[in-house]
Amino acid sequence: MPKVFNWQIGREMEFPYEGARPDNQFAYIFDLNKCIACQTCTIACKTTWTAGKGQETMLWNNVETKPYGYFPLGWDLKILDLLGAQSWDGDVYTGKTLFEAAESDEIVLGYLPDDMDYANPNIGEDDCYGTTFKGAVNGRSDGSGGAYFDAVHHSWMFYLPRICNHCTYPACLSSCTRKSIYKRKMDGIVLIDQTRCRGYRECIKGCPYKRPFYNPHTRTSEKCIACYPFVEQGQQPQCVVTCIGKIRLSGYLSTPEKSIKNHPMDYLIHEKRIALPLYPQFGLEPNVYYIPPVHVPPQFLTQMFGPRVRHAIETYRSAHKDPELLSALTLFGCTERILKAFKYDKSANEAVGIDMMNGTEVVCVPLTEPVIVRPLHDQKLGAYRHNIT
Amino acid sequence: MKNTLFLSALALLGLTGPALAQTTIESKPTRTSLDEMLKPGHQEWQSMPESTIKMAPQNIAKPMLSKGTFQELKVRSSVTKNWLLIRMEWEDPNADAELTRGEFSDACAVQFCAKGDAKDTSPFMGNPGKPVHILHWKAIWQADIELGYRDVEHGYPNMYVDYYPLAEGKKTEDIKGPALQYNPARSLNNPMSLTQRKQPMEELVAVGFGSATSQAHLDAKANGQHSNKKWSVVFARPLETPDPSDSQLKAGSSVPIAFALWDGATRNRGGRKHYCMWQTLKIGGTP
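So the protein sequences, as listed, match chains Y and F. If you number the first sequence the way the working numbering does, the last residue is 389 and the count never jumps. If you number the second sequence the way the working numbering does, the last residue is 287 and the count never jumps.
Calculated directly from the structure, the hints in this document are not laboratory data. Don't take every hint at face value.
To give a feel for the contact side, a few chain Y residues facing chain F, derived at Cβ under 10 Å [to be verified]: (1) P16; (2) D105; (3) L112; (4) K179; (5) Q194; (6) Y214; (7) T220.
Glycine included, each C-beta is placed from N, C-alpha and C at the ideal position.
Please put together the full structure from these sequences, using the hints given.
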């Protein structure tokens, strides 16, 4: 089997095809410190792409709560269980990827979810870790702690929005025996060819993130298309643009050795290393990156985002001292346009974004929100200002 | 590359002994009408000699079946003035004809050499330059025709949906025109998405693993039924067709023929199937 280099796991690995990186890779960053699970992204995607017959239970974008939520049911627990405990040596993954761990009959290690696994997308929503433990609070494991809510910081949960990761080494593409799934050379977007798909669902079985979905009306499989008609016009996808919390940024990502410092994606992922891939140990080199939630125990986060979690959290916590980093973060959700560069305008204390397609300055965002103090009595109007609560 | 694979696979299979040895299937002429012969239970089929073909789980190209559920296939064949008929019968306790809730459909197929012969055409879906011509039946399509297209509401009888954008209603037949924006597979005429099939089968051409492509024009017919824990399916195809990608057959000749079976209950689909080597079909009738 051919060997390809996967920079997220710091080594070469086996892959069914000769490695061929796209000319450009479209990628995303989601800031998990800001997601409030309003599901606007979910609805935006559904209205745009999956409102048709057969697509009723499809959520190409979904937002689940961690640790007890999943869509489909237990998707990550099941594949982690199949893979078994594995290890890292610093930044190099010494365990097996899903390709390396495949059984002898199979191309990639995977499983086909049951139909009912898709029936409860909101399971575990808002369920915190640590609230219901009886006695296991403040170190009292003898039961004397009682079932009550103690120190806030023992409990945690966070929201995890997920879309197709448009992986560099997709398991869906590898699983399809008909080569009905392809990765575009121009932007690395992975698509299922709706003329060639015969609904075998090998892609669903293979993808560890369970992002392809079966459509019983057309009897083919479908998945997130990265809103490619928008991307081709230099616009960010629907889920990015409609995000109320401005937690998402998308754009083109270079490989680490070709990182361009003033590219917002390259800067955050390669230079600052504040955004990390989801389950890099699977070996697919996913292109949706996450800024880890700073309030969650790093031990839990390391399994999800790899060994650089602590560094990412430290960097994020000190962002207020770093205007350039703050500029990059401030540009999330501020423009529909895909940016090719950003800069910190010191004199104006603003983040500036430059449009990828025409190179113009397309957005300026102040790093500090302007504050205006108005007097209690407005002389011109002859009225008093009151707080309305 | 494919030829090497073919030859090494042949060598590999030789080790399994007589299990996959060639059988000659005799196809005797009949005067019974085509429509009657398309009924697998028709009396006339009993006077056609029965051949037993050993079926093996596909274990050449990943993903493979290491263990199959079907061991044998019974084949009978007949020929009318213009049509070749193949009757396949195999034991399968469950009739799997659903696709709405993540199931897989039972299916079977017959394969002919479209250009070459058994010596140069791989029995494993053909090879580049030496295509195979396949007749493929699926239980779900039989159910679609006999009982109506198995759509979402068939799998979820209590489902509710408020509306489908741009559709005139919620039923299968209401999803047309601009509503098909949400179903590109249908607007692109993907053969898997045909909601108004006339035959429970398709004809395919293939030149190796993963290349099978549905033909736009269907010349053949099929009919299947499940009873006494067995499937019996009759394929009927014109001996000669105007389609250049079809195999052309003549009365009085012998041609290579192969078969495949899929067990929906054990999630057979695509390459996860049961197959056999080339057998010989001796077509009766006056040339």
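Chain F contact restraint on Y214 (chain Y) - CB to CB distance below 10 Å | holds, 7 Å
Would you check whether P16 (chain Y) satisfies its interface hint, that is, whether its CB is within less than 10 Å of any CB in chain F?
-> Interface hint status for P16 (chain Y): holds (9 Å vs cutoff 10 Å).
Using Cβ atoms only, decide whether Q194 (chain Y) comes closer than 10 Å to chain F, and label the hint accordingly.
-> holds, 4 Å
Close enough to count: is the Cβ of L112 (chain Y) nearer than 10 Å to one in chain F?
-> Holds - the Cβ of L112 (chain Y) comes within 10 Å of chain F, reaching about 7 Å at its closest.
When the nearest CB of chain F is found for D105 (chain Y), is that gap smaller than 10 Å?
-> holds, 5 Å
Restraint check, 10 Å cut-off on beta carbons, for T220 (chain Y) near chain F = holds, 4 Å
Holds or violated: K179 (chain Y) as interface residue toward chain F, Cβ cutoff 10 Å?
-> holds, 6 Å
Checked against the numbered hints given earlier, this structure breaks none of them.
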